[in-house]
Amino acid sequence: MNMLTKGRPTKQEENLIMPDQTGTQTDTGNRALMVDEPLIFERGSADRSGIDLPEAPAVENRLGGLDRSTDIGLPGLSEAETVRHYTRLSRQNYAIDVGLFPLGSCTMKHNPRLNEKMARLKGFADIHPLQPMESVQGALQTIYELADWLKKLTGMPAVAMSPKAGAHGELCGILAIRSALEARGDAREVILVPESAHGTNPATAAFAGYKVEDIPANDAGRVDLEALKARLGPDVAGVMITNPNTCGLFEPDMKAISDAVHEAGGLVYCDGANFNAIVGRVRPGDLGVDAMHINLHKTFSTPHGGGGPGSGPVVFSEALAPYAPLPFVEINEEGHYFLVEEETAEDHHESSFGRMVAFHGQMGMFTRALTYMLSHGADGLKQVSEDAVLNANYILRQLEDILDAPFAHSGPCMHEALFSDKGFSNELSTLDLAKGMIDEGYHPMTMYFPLVVHGAMLVEPTETESKAAIDEFIGAFRSVAKRAKAGDEALKTAPHHAPRRRLDETLAARKPILVWKEPEEFAEAAE
Amino acid sequence: MSRYFTEEHEWVDVEGDTATVGITEYAQEQLGDIVFVETPDVGSELSQGDDAAVVESVKAASDVYAAVSGEVIEVNEALEEEPALVNSSAEEDGWFFRLTLSDKDELSDLMDEKAYKAFVDNL
Numbered sequence: 065m066n067m068l069t070k071g072r073p074t075k076q077e078e079n080l081i082m083p084d085q086t087g088t089q090t091d092t093g094n095r096a097l098m099v100d101e102p103l104i105f106e107r108g109s110a111d112r113s114g115i116d117l118p119e120a121p122a123v124e125n126r127l128g129g130l131d132r133s134t135d136i137g138l139p140g141l142s143e144a145e146t147v148r149h150y151t152r153l154s155r156q157n158y159a160i161d162v163g164l165f166p167l168g169s170c171t172m173k174h175n176p177r178l179n180e181k182m183a184r185l186k187g188f189a190d191i192h193p194l195q196p197m198e199s200v201q202g203a204l205q206t207i208y209e210l211a212d213w214l215k216k217l218t219g220m221p222a223v224a225m226s227p228k229a230g231a232h233g234e235l236c237g238i239l240a241i242r243s244a245l246e247a248r249g250d251a252r253e254v255i256l257v258p259e260s261a262h263g264t265n266p267a268t269a270a271f272a273g274y275k276v277e278d279i280p281a282n283d284a285g286r287v288d289l290e291a292l293k294a295r296l297g298p299d300v301a302g303v304m305i306t307n308p309n310t311c312g313l314f315e316p317d318m319k320a321i322s323d324a325v326h327e328a329g330g331l332v333y334c335d336g337a338n339f340n341a342i343v344g345r346v347r348p349g350d351l352g353v354d355a356m357h358i359n360l361h362k363t364f365s366t367p368h369g370g371g372g373p374g375s376g377p378v379v380f381s382e383a384l385a386p387y388a389p390l391p392f393v394e395i396n397e398e399g400h401y402f403l404v405e406e407e408t409a410e411d412h413h414e415s416s417f418g419r420m421v422a423f424h425g426q427m428g429m430f431t432r433a434l435t436y437m438l439s440h441g442a443d444g445l446k447q448v449s450e451d452a453v454l455n456a457n458y459i460l461r462q463l464e465d466i467l468d469a470p471f472a473h474s475g476p477c478m479h480e481a482l483f484s485d486k487g488f489s490n491e492l493s494t495l496d497l498a499k500g501m502i503d504e505g506y507h508p509m510t511m512y513f514p515l516v517v518h519g520a521m522l523v524e525p526t527e528t529e530s531k532a533a534i535d536e537f538i539g540a541f542r543s544v545a546k547r548a549k550a551g552d553e554a555l556k557t558a559p560h561h562a563p564r565r566r567l568d569e570t571l572a573a574r575k576p577i578l579v580w581k582e583p584e585e586f587a588e589a590a591e
Numbered sequence: 057m058s059r060y061f062t063e064e065h066e067w068v069d070v071e072g073d074t075a076t077v078g079i080t081e082y083a084q085e086q087l088g089d090i091v092f093v094e095t096p097d098v099g100s101e102l103s104q105g106d107d108a109a110v111v112e113s114v115k116a117a118s119d120v121y122a123a124v125s126g127e128v129i130e131v132n133e134a135l136e137e138e139p140a141l142v143n144s145s146a147e148e149d150g151w152f153f154r155l156t157l158s159d160k161d162e163l164s165d166l167m168d169e170k171a172y173k174a175f176v177d178n179l
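Note that the protein sequences, when read in sequence, are chains A and B. Sequential numbering from 65 applies to the first sequence in our numbering. Sequential numbering from 57 applies to the second sequence in our numbering.
No wet-lab data here; the hints were simulated from the structure. Beta carbons: idealized from backbone N, C-alpha and C, even for Gly. Fair warning: there could be bad hints in the mix.
Unchecked claim - Simulated DEER-style distance windows between Cβ atoms:
#	chain 1	residue 1	chain 2	residue 2	range
1	A	E569	B	L179	39 to 45 angstroms
2	B	E64	A	D111	37 to 43 angstroms
3	A	P280	B	L163	21 to 27 angstroms
4	A	T557	B	D165	42 to 48 angstroms
5	A	G551	B	K170	32 to 38 angstroms
6	A	L178	B	E64	20 to 26 angstroms
Said to hold, decoys possible - Short derived list, chain A residues pointing at chain B, Cβ under 7 angstroms:
#	residue
7	Y512
8	T570
9	A573
Let's have the full structure, built from the sequences with the hints guiding it.
Spelled out as structure tokens, the structure:
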């Protein structure tokens, strides 16, 4: 098998364990159980197949000369080779089931196996959205009860279950705001987005056709309330605010912000991606929020980040509830669950702005999220946010002596701890520390975000890590931080022990190779 | 020709009615390796403070604002193929776009080189 090294992120020979570390090299380039795996196209040949297909019967060609004349170039592998290929690749991957995943703002928490067991029950797993409603009462009840939990936890009267992820939920919320404003004949043009908001917020507002304006953060990493008030006016449709914000801090002026926005005739969208820090403790409805999405794949432990689809239900205030999208589940007097859709919405939900998706939403995630809620109970969910915040503060205080922690002076953080690379020497930066963490066996933290902090590192342990696991992580983080402060030259070329060495991200972004080509062509193209 | 600077780390060269806009050496250093630049359409009318261009580095994507109002008359097409020009020559070859000034009074809102240097030193 010929593996192409040309145009690869790192060359094979650079990838070998450095001779000065062990004094030996392997003949294959593999490192014991860590096998250097080529692309699937480089394995096997087109004349091989995992199964024997019968000779194709003679058919009349009706393609009118449009039939393909060249080989389609699928790789030919046996079943065993295929299984091994993907298993080998998966072993080079990092996942929440492998270790602590400290990505700030992503809430990578353990996915309880009980969730999986429930989602695989036949009555949930083997149903179709077009099945008669009488035959899927259990599934509809699950959606109804999950919706009820979400409304109670947020203190909001209505919820749209169908949005399929966080940013999709944001769009749903903003479309509801637009519908409400248009319904009162007051279409407005501007959405205000504080600097401490998620990056998807301004993108959503722009996608929905609004002009986006920034509101600066103050020295404590919070929304500058006076700057916000000064900008409010008859052209402002609303604000999109992330609370807790992307610095991992609670916005204490949230109620004052909402009141000011409402007074100016606008509406308040809250990005609920960080709901994990306040679930069971704070009800966004009490803070004057009009719409907020909830990431079931973060706060309520359904898998994400390659492990499963997202799910982003949106809760609404009284002001926005009439505009919520279809469909939703209701219960009638006989205790039967039914779906409110276009045909049945006319009598009591005629202002709906339409649909976000064809069907009910991510059923598999609803089952998992409700399982998580029921297995924790109301008191358990309170402890979820308590432990998430406690764990983040433990990390913040254990590391603030060695790493710059820009907002540590302003008090406790919420569910994530923010550090910066201030004080690193020998031109080392956040990127180098992140690569050093890979060598230590960890997925790096979120880096260079939020933008308001130079060289930011955002760490979110979540509540599912034990103190022992967090202590181990702190030990690793501390040792790499020490090296960065001491100016350790070796950190500049980290990772040294990963399946691939440091990638040339600049070249990859400037000249990405997106399509695999046959070796000869490839070699020429790369010249 | 006189050169002006903004707090958003852009430079503006003014010659007659024509202004050339780019990002400063400080800005390119902060952004790191630039991988993509999106320039405005020739002929578009920009008001001071409008989003005019986008610059993307390995670290972040940032907006480049119109430091002054005017009509875009030329963009640096070399940046499409070679965004790295912004890194190697931010204040010369890595210019972004040229526009015809519609309001010369706006220049008084901008900083001169000395004031910009003091501004950067204070960051």
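Practice problem: Return holds or violated for the Cβ distance of A/G551 and B/K170 against the range 32 to 38 angstroms. | Solution: holds (34 angstroms)
Quiz item: Regarding the hint that A/T570 lies at the interface with chain B, is the smallest CB-CB distance below 7 angstroms?
Solution: holds (4 angstroms)
Quiz item: Quick one: are A/E569 and B/L179 within 39 to 45 angstroms, going by C-beta?
Solution: The hint (39 to 45 angstroms, Cβ to Cβ) is violated, given that A/E569 and B/L179 are roughly 26 angstroms apart.
Exercise. Answer holds if the nearest beta-carbon of chain B is closer than 7 angstroms to that of A/A573; otherwise answer violated.
Key: Nearest chain B Cβ about 4 angstroms off; hint holds.
Quiz item: Between A/T557 and B/D165, does the C-beta distance stay in 42 to 48 angstroms?
Solution: holds (45 angstroms)
Practice problem: Using the beta carbons of A/P280 and B/L163, state whether their distance is inside 21 to 27 angstroms or not. | Solution: At roughly 24 angstroms between Cβ atoms, B/L163 and A/P280 fall inside 21 to 27 angstroms, so the hint holds.
Quiz item: Range hint 37 to 43 angstroms: satisfied by the CB atoms of B/E64 and A/D111?
Solution: violated (60 angstroms)
Practice problem: Check the following: the C-beta atoms of A/L178 and B/E64 are separated by a distance inside 20 to 26 angstroms. | Solution: violated (51 angstroms)
Quiz item: Is the interface hint for A/Y512 satisfied, with its Cβ closer than 7 angstroms to some Cβ of chain B?
Solution: With a closest approach of 5 angstroms, the A/Y512 hint holds.
In terms of the numbered hints stated before, the structure departs from hints 1, 2, 6, listed from lowest to highest.
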